[in-house]
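A.B. asks: Chain by chain, the residues run as shown.
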Amino acid sequence: MDLLRTLCHLAAPAGNEAPMTEFLLNYIRQQQDSWQVQPRVLAGEQFQDCIILVFGTPRTAVFAHIDSIGFTVRYGRQLVRIGGPRAETGYRLVGQDAQGEIDCTLLVDEETGELSYEFSRDIERGTELTFRCDFRETADTVQSCYLDNRLGVWNALRLAETLENGIIAFSCWEEHGGGSVAYLAKYIYEQYGVRQALISDITWVTEGVRAGAGVAISLRDSLIPRRSYIERIRAIARAAGIPHQLEVEGSGGSDAKELQHGAQPWDWCFIGAPEDHVHSPNELVAKVDIDSMLTLYQVLLREL
Amino acid sequence: MDLLRTLCHLAAPAGNEAPMTEFLLNYIRQQQDSWQVQPRVLAGEQFQDCIILVFGTPRTAVFAHIDSIGFTVRYGRQLVRIGGPRAETGYRLVGQDAQGEIDCTLLVDEETGELSYEFSRDIERGTELTFRCDFRETADTVQSCYLDNRLGVWNALRLAETLENGIIAFSCWEEHGGGSVAYLAKYIYEQYGVRQALISDITWVTEGVRAGAGVAISLRDSLIPRRSYIERIRAIARAAGIPHQLEVEGSGGSDAKELQHGAQPWDWCFIGAPEDHVHSPNELVAKVDIDSMLTLYQVLLREL
Amino acid sequence: MDLLRTLCHLAAPAGNEAPMTEFLLNYIRQQQDSWQVQPRVLAGEQFQDCIILVFGTPRTAVFAHIDSIGFTVRYGRQLVRIGGPRAETGYRLVGQDAQGEIDCTLLVDEETGELSYEFSRDIERGTELTFRCDFRETADTVQSCYLDNRLGVWNALRLAETLENGIIAFSCWEEHGGGSVAYLAKYIYEQYGVRQALISDITWVTEGVRAGAGVAISLRDSLIPRRSYIERIRAIARAAGIPHQLEVEGSGGSDAKELQHGAQPWDWCFIGAPEDHVHSPNELVAKVDIDSMLTLYQVLLREL
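Residue numbers (our numbering), protein chains in the order written: chain A, 1 to 304; chain B, 1001 to 1304; chain C, 2001 to 2304.
Isolated chain A, as found in the complex (with noise of 0.2 Å):
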């Protein structure tokens, strides 16, 4: 879990994603001899900060999302959100401005809801703050900021080691609003024909979806993808007999949404673990809903 806890470190929020693309296209350069295939490797400013990996003849893309919810400085001494972060008086804040590097408190104001922090100086306007990354990890879980999404990611660079056929998809703006997979999904659609997608990404434990009993496959959030395509994803997770849930919101969204939206014929499908104190400094996860979403995931870039 190195590399899962290095991940975690790397501050990337939304708009700002440039140093986790430049951790990625360093990383993809040293392992990439190791891989199975080695991928075609798509970046640069016609892709601002995501990356394409294209791994020999592909069917399915897999997006995984490298940006972060955090807060942005505004004026005085108040903070905005970026993305949906969860707020608790006492989190941990972590920065850098022209005069030099940032660790505050977060302070909630227990009336207004209003966020503010609480620093020995003023931090400069625009000023993007980030949770500090406390790495935890025991035989069974691990927890820390931002596993949603650094666990998708880790699970995405996983798979590539011996992936064949595929395209990974790295990127940009899902926690606020969204903005890079129109772009992407136009792209890939257009250069390869690949209209099925899987997004990596992490879910919600709930009632219906239980920490340690396997990747969830959703059936629906917000939006609901096309019947057809799960059930096909349904078939291959039972044949394979891998663990996992079902998962059924009213709420809640990823990168499908730009998928949905976009003028290409996307079939799509969420497959996440679940995570449990969701867009908190402490999000967790079962290792083992680890393990059984990279299985799939190897299985249905085989067979889909």
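FYI, nobody ran anything at the bench for these hints, they're computed from the structure.
Just to be clear, a hint being listed does not mean it is correct.
Taking lysine to aspartate or glutamate pairs in the EDC-like style, the calculated list, with each CA pair at most 16 Å apart, reads [as the list claims (entries may be wrong)]:
hint, chain 1, residue 1, chain 2, residue 2
1, A, K186, C, E2190
2, C, K2287, C, D2276
3, B, K1287, B, D1276
4, A, K186, B, E1190
5, B, K1186, A, E190
6, B, K1287, B, E1137
7, B, K1287, B, D1140
8, A, K287, A, D276
9, C, K2287, C, E2137
10, A, K287, A, D140
11, C, K2287, C, D2140
12, B, K1186, C, E2190
13, C, K2186, B, E1190
14, B, K1287, B, E1111
15, A, K287, A, E137
Given the coordinates of chain A, work out where chains B and C should sit on it, guided by the hints.
C.D. replies: Just chains B and C now, kept in the frame of chain A:
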């Protein structure tokens, strides 16, 4: 109205439109020899569960959504909505899971508004339920669940009988956030240069739009179409002497949302009969409004 | 400021921008001989009521929306909003229907918030009403309805006078959900390879952005632009010594929404003078902020 009755009985909630697609493809195959012009039929994976019919040299495209509202079984006996169905305790819901046919009853918790079902057994997670169809016809009216939008589909199929130049597009997911019109609109614009659209859908009886007073031409809903296009349509309707009403709303939407927000310069107008008891099992439409709807579409496809 | 005064008097609510389009095409035809470079003028049905001006070899596109907020007459004497106008009893509204000119008074029901009008006769259903323009100029300020965004349009037209390389796009529907920037952005990216955008629009005076303190460079609103692009803009503004302020908001939006969500990798930044009394008949802007806005656009179009 046998065709309409059949359409209303078919279950095709958003995301699972395949049964309706299959019915329509069969119907078109059987009927098209009797049509004035034989259309080119575009269907298949490239269009998911949508169908495009191209007649002659098209200048205008008619969009009719084939999906309906409904419910998804969540955990325990909970239900979540597909689209925005009205919910009242006692509504009969039907569906199917691996254990067989389902005919159950909707329950609405009076305090929390939460939805569940009453049935002799548990229903499998993720199963879709739709209103049980009780189709009622009088001399002056039709009443059933899903007149929205089986009546819009019926209007398009009747229009097809005499259509010489034009496109009919059967779309999916309209009731639940959309997801197909973006690529249909792109394809139609790029292949045929068509950018005039009519939305064949059903609207609401309100204080300004009465049952029996003619088809409604919508001047706006939550979105505002381009004024110059609407004025051309109004002039044609007036010149043809077709009974119609002008609708002005601040809310509501249709397949036009995707046309308005897509990357092609579509002009669009929603034109449809008004119904009472919207999104319930008892949607009610006056036959004279159905007549004027079809007549107006016939004239507009010739003259626009 | 005669040009600005003329622009503010023209009625062009979202959906009915044609009168503004016609004015601009005439203005461009008359003025372009005096401009440093003659642009290619793209207009017509393919662009609905939008206009694109292409100067030299463009690297950056400026978007200025030409529509305004207003009201639509509904049933009886009801009004519904076009965009988000402020509403106070007594505001004078003007328009036109088949019976002639309209100069009426807005009424706001104190209990329900519902909007209606007071006038000597009924106004035809679907008629658009806009604020009556009372243009006021002092040594230091301009005040009028619709400075948002006639000032952004004015800025673009003044920029055109000396522009050597760049694109100016006049867009529609910005105040009411958008609908033109998606296809403008696609066209510009595909034809010219341009993916750098500046949004020439007007922002709000707030606790952090003061009137008279220079044009505002927005670091974020409800959406978050790509950080690296914003940093390049800030560096150019600092190096040029142009008075400016940094804005950080959690809400609000602009034409940039469609750039962010479209299927091209646009970088974008909102840069505009701040105004007080937003979306009222009395929008107020300091002249020094207009000056620094134009100067910054001139520098950025050269250096970005």
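A.B. asks: Taking the hints in turn, state whether each one holds.
C.D. replies: Evaluated hints:
no., hint, result
1, K186/A - E2190/C, "holds, 13 Å"
2, K2287/C - D2276/C, "holds, 13 Å"
3, K1287/B - D1276/B, "holds, 13 Å"
4, K186/A - E1190/B, "holds, 15 Å"
5, K1186/B - E190/A, "holds, 13 Å"
6, K1287/B - E1137/B, "holds, 10 Å"
7, K1287/B - D1140/B, "holds, 5 Å"
8, K287/A - D276/A, "holds, 13 Å"
9, K2287/C - E2137/C, "holds, 10 Å"
10, K287/A - D140/A, "holds, 5 Å"
11, K2287/C - D2140/C, "holds, 5 Å"
12, K1186/B - E2190/C, "holds, 15 Å"
13, K2186/C - E1190/B, "holds, 13 Å"
14, K1287/B - E1111/B, "violated, 39 Å"
15, K287/A - E137/A, "holds, 10 Å"
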